[in-house]
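J.: With chain A fixed as given, assemble chain B onto it according to the hints.
Protein sequences appear in the order of chains A and B. For the first sequence, the residue numbers in the working numbering are 1 to 373. For the second sequence, the residue numbers in the working numbering are 1 to 647.
Please note: incorrect hints may appear among the correct ones.
[Said to hold, decoys possible] Output of the computed footprint for chain B on chain A, the stretches with three or more beta carbons under 8 Å from beta carbons of chain B:
| # | stretch |
| --- | --- |
| 1 | 51-62 |
| 2 | 154-160 |
| 3 | 185-199 |
| 4 | 235-249 |
| 5 | 283-296 |
| 6 | 328-342 |
[Said to hold, decoys possible] Far from chain B, by Cβ distances over 12 Å, these chain A residues were calculated:
| # | residue |
| --- | --- |
| 7 | A14 |
| 8 | V114 |
| 9 | P214 |
| 10 | G232 |
Calculated from the structure, these hints are not laboratory results. A virtual CB, placed ideally from N, CA and C, is assigned to each residue, including glycine.
Next come the chains, spelled out residue by residue.
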Amino acid sequence: MFLLFRNLFKHQNAPDYTLLVVIFSLIIVGGVMVYSSSYVWAEYKYGDMFYYLKRQLLFTGAGIIAMFFIMIIPYGTWKKYAKIILLSCFILLLLVLIPGVGMTRGGAQSWIGVGAFSIQPSEFMKLGLIIFLSVYLASNQKYITSLRKGFIPSLLLVFTAFGLIMLQPDLGTGVVLVLTCMVLIYTAGARLSHFFGLAFFGLVGFLFLIISAPYRIARITAFLNPWEDPLGDGFQIIQSLYAIGPGGLMGLGLGESLQKYFYLPEPQTDFIFAIIGEELGFIGGTFVLILFALLFWRGIKISLGAPDQFGRFLALGIVSMLTIQVMINISVVIGLIPVTGITLPFLSYGGSSLTLTLCSVGILLNISRYSSV
Amino acid sequence: MKRVSAVTVRKRIVTVFLCGLLILAIIDFRLGYVQFVIGDQLMAKANNLWTRDITFEAERGNILDVNGEILAENVSAPSVMLVPKQIKNPQKTAEQLAEILDMSVDKAYEYVTKKESMVKVHPEGRKISEEQEEAIRTLNLDGVYLAKDSKRNYPDGNNLAHVLGFTGIDNQGLMGLELYYNDKLSGDKGSLSFYSDAKGKKLEDLADIYKSPKDGLDLKTTINTKVQTIMERELDLAVTKYNPDGALAVAVDPDTGGIIGMTSRPNFNPENYQEVDSKIYNRNLPIWSTYEPGSTFKIITLAAALEENAVDLQNDEFNDDGDISVGGTELHCWKSGGHGHQTYLEVVQNSCNPGFVNLGMELGKDKLFSYINDFGFGKKTGIDLQGEGNGILFKPENIGPVELATTAFGQGVSVTPIQQVMAVAAAVNGGYLYEPHIAKEWIDPKTEEAVETIEPNMKERVISEETSKEVRLALESVVAKGTGRPAYVDGYRVGGKTGTAQKVGPDGHYLKNNYVVSFIGFAPADDPEIVVYVAIDNPKNTVQFGGVVAAPIVGTIIGDSLRALGVKQREGGLDKEYMWPEQPKVEVPDLIGLEKSELTEYMTNLSIETSGSGDTIINQAPQPGAKVEQGAKIRIYLSDKKDNNSE
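Next up, chain A with everything else stripped away, as it sits in the complex (with noise of 0.2 Å):
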């Protein structure tokens, strides 16, 4: 083993301990905030006030090994169990559909294994999806400027992607798939005038999952004027903002939250934003902006180092799905955009989420450690 490590490293210089300490600093402050904002919840629901912060610490302290471990693999290896990776991604995508085998949760089918050890297979898709979008636009990038040969290509393999996603239905992890192939895709040079005839048919597609499903249809409604309906589709908002707006500058202190007496449901997931902001205030709130924004420079700063365009658009994409994510979940926490019940990197509870984010940073991290600036 200890062979095995030296024999590694040789090759590798040290990983970016900037972003090491960014990411430990956020997972301190998701530890803490996940045991405030839950233990009401946990003490009405287990009797047990700690219960969601153990299963937290768990899977924070499996993610971290994880990541660690990842961390030593160099990411070369995920180029040749790229499409492995990806097939059984979507095996997974389909077996989650299937009644029986699939879980629903919160009106999703989007679980699939036996309680705690439950996982979401969206979540793995979104990374099997980003590193096997890299193989194939570092060994293709030449044919990326043709619409037939590059652009529609790609878009097909994501759009397939996120079509079984949102069968489940899943729009949150879904858009936050689309978006960050969007950025790879377009990084790797794809002509803007393609965009431009994408973005019109996504319009059409947009209004056709509206239509499709009108509780989207209340969501946006909800979200362009949250108190018309404070008891239905506007309820998580207008909490979320009863959370945040008392907060002020310096907020109502750590665990002096009121919002989680039942009053915002399960403020440990989606909306643990809401909570940060009512405790620790727009200073509190502004801090975990600020590692977000460290997180992602660090991410661009791996992309652009990295020795290889796969390694490029590997840590480009990586960072590129957490801050996009970071983006989607705080903008619904304060009503910028409707709700889409995604999770907020690093700090939401959830052992899916947490354990996938901690394995794609190691995989960030490893690529750091080839890093030539």
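T.: Just chain B now, with coordinates in the frame of chain A:
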């Protein structure tokens, strides 16, 4: 195929980075907007969400009469509160509650099983009676509580009902003074706010916020319970005797405009106002009703003519032959054949219509109507009660000679009783028109000290002291010698004026045999302490004449009230004349075959008692031609059938 250069990729990565930073900046900006710009607003709403209030009702202020007698107060009447979680046997509890609170078992079961931490049994369990309270206390049911609550009590029952008004289930003023002064009477609610979780459980770590209730102020009024009781008694008697469509009485202090008493029939009990038609409690007749004043309005014409020196009561003379021609229209005196040759003082005593037409024409349209306006007619008096009428005057451009003439003796105008009372008060108090008011003082219930005093509001000086004195003397002579003699009170120098006004039906024409008979009186004539107005709407089984029906009531009210108020008896007033000096005995006229309505002209020197019912006189006693004393009683027998076939 164009190859993508490494530079392009780098440039695009930087572009992505910059776009990303921009978006993160926008998000942080929005975070600041939510926390700083709309933060306070959200905080207020969120606070509402987080806190539960237990309200503490403020004690409603009492309403007192001028001497501090209680007119309206609060008595304890608990309300039933349920805590469903503590109720062990909902079905049985529901049955027991249903029986005591007089509601269906299903309804009670609904309350008992409501998914709320605390349930108000509203309205069945609000402000329950002593017996109900006793029954619930005896049962001692789990989860059933009696919360302190109070309800309004009016010790004098129906007395002063329209003026006091009443309150609703939450002790909020709905009518009368209770409504008009609701804000000051009700005070400010207090509350204990505690923070709770979304499931209603108290959050122990957070301090409660207590705001103490501020009790309402006590309202001392200008009402004098003794006078009010006298007025109520007299109206009750009148209602029993005459079975009228309506009746009203108002007493006012002419020196301040303070209302001493006010009552209206039909009336109601404020504690059970729901039991009567809303029309009854909505219509406080002394301020609401609007009708032709009739002869009481002549006081205004008289005052105006005296002020303008248009007449000398002692020396100017007028010959009434029963008719007066105005602009081609013949206007009749109420006494057919007229009053003959009279001084103007006698014109007033006799209430002679042509004489007043002459006064009106002497004054002219502009002057007469300017006085009518100054005396406050055609607009609300501003009394501190809701539901006051305006009255109706001719529009200036519509006033021709006929309108001027009829207005001068009180026809064709429409006024409210309170307008008349205030105008006459101004005519006899030295010429000061006051705004009528009932509130006198606001008293802090704890210190029992007045925190605010309502000063009399003099609106206008309408006539001089000299003129006012002349009016008083003229009106004293009406009671001593003229149509108002039944109002005479020994030693109190009563002045006054009768009024008999035909009512206008829905079709705009005068109703037959349907009058509002009224009398306005004041005393003592040298320095009036009280002005009393009584009007009876369509009295039955009598001659519908103000001097017959209303004047004696006013006389009794004034006499009893002044004694109750401790006003000293006067000397040197006019003596009541029992006989005309030139006519020691009166010959009994032939009344057989006349309509009841034609009787009024005989009322000046005879009093008439009726038997039977109907409009036509079929017999009389004594027989025609007999000589009787001035003011003797003539009994007439009424029937519907007409003996005479002369149509």
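J.: The structure should be examined with respect to each hint, and the outcome stated for every one.
T.: Right, here's what the structure says about each hint:
Residues of the stretch 51-62 of chain A with a Cβ under 8 Å from some Cβ of chain B number 0, which does not satisfy the need for three, so the listed coverage is violated. Three residues within the 8 Å Cβ limit are the bar, and the stretch 154-160 of chain A against chain B gives 0, so the coverage statement is violated. Here the stretch 185-199 of chain A counts 4 residues with a CB under 8 Å from a CB of chain B, which clears the bar of 3, and the coverage holds. Counting residues of the stretch 235-249 of chain A whose beta carbon lies closer than 8 Å to any beta carbon of chain B gives 9, which meets the minimum of three for the stated coverage.
Counting residues of the stretch 283-296 of chain A whose C-beta sits closer than 8 Å to any C-beta of chain B gives 6, which meets the bar of three, so the coverage hint holds. Counting residues of the stretch 328-342 of chain A whose beta-carbon sits less than 8 Å from any beta-carbon of chain B gives 5, enough to reach three: the coverage restraint holds. Distance check on A14(A): its Cβ is at least 23 Å (rounded) from any Cβ of chain B, clearing the 12 Å threshold; non-interface status holds. The Cβ of V114(A) lies farther than 12 Å from every Cβ of chain B, with a closest approach of about 31 Å, so its non-interface assignment holds.
With a minimum CB-CB distance of about 28 Å to chain B, P214(A) clears the 12 Å threshold, and the non-interface call stands. G232(A), annotated as away from the interface, keeps every beta carbon of chain B farther than 12 Å; the closest lies near 16 Å.
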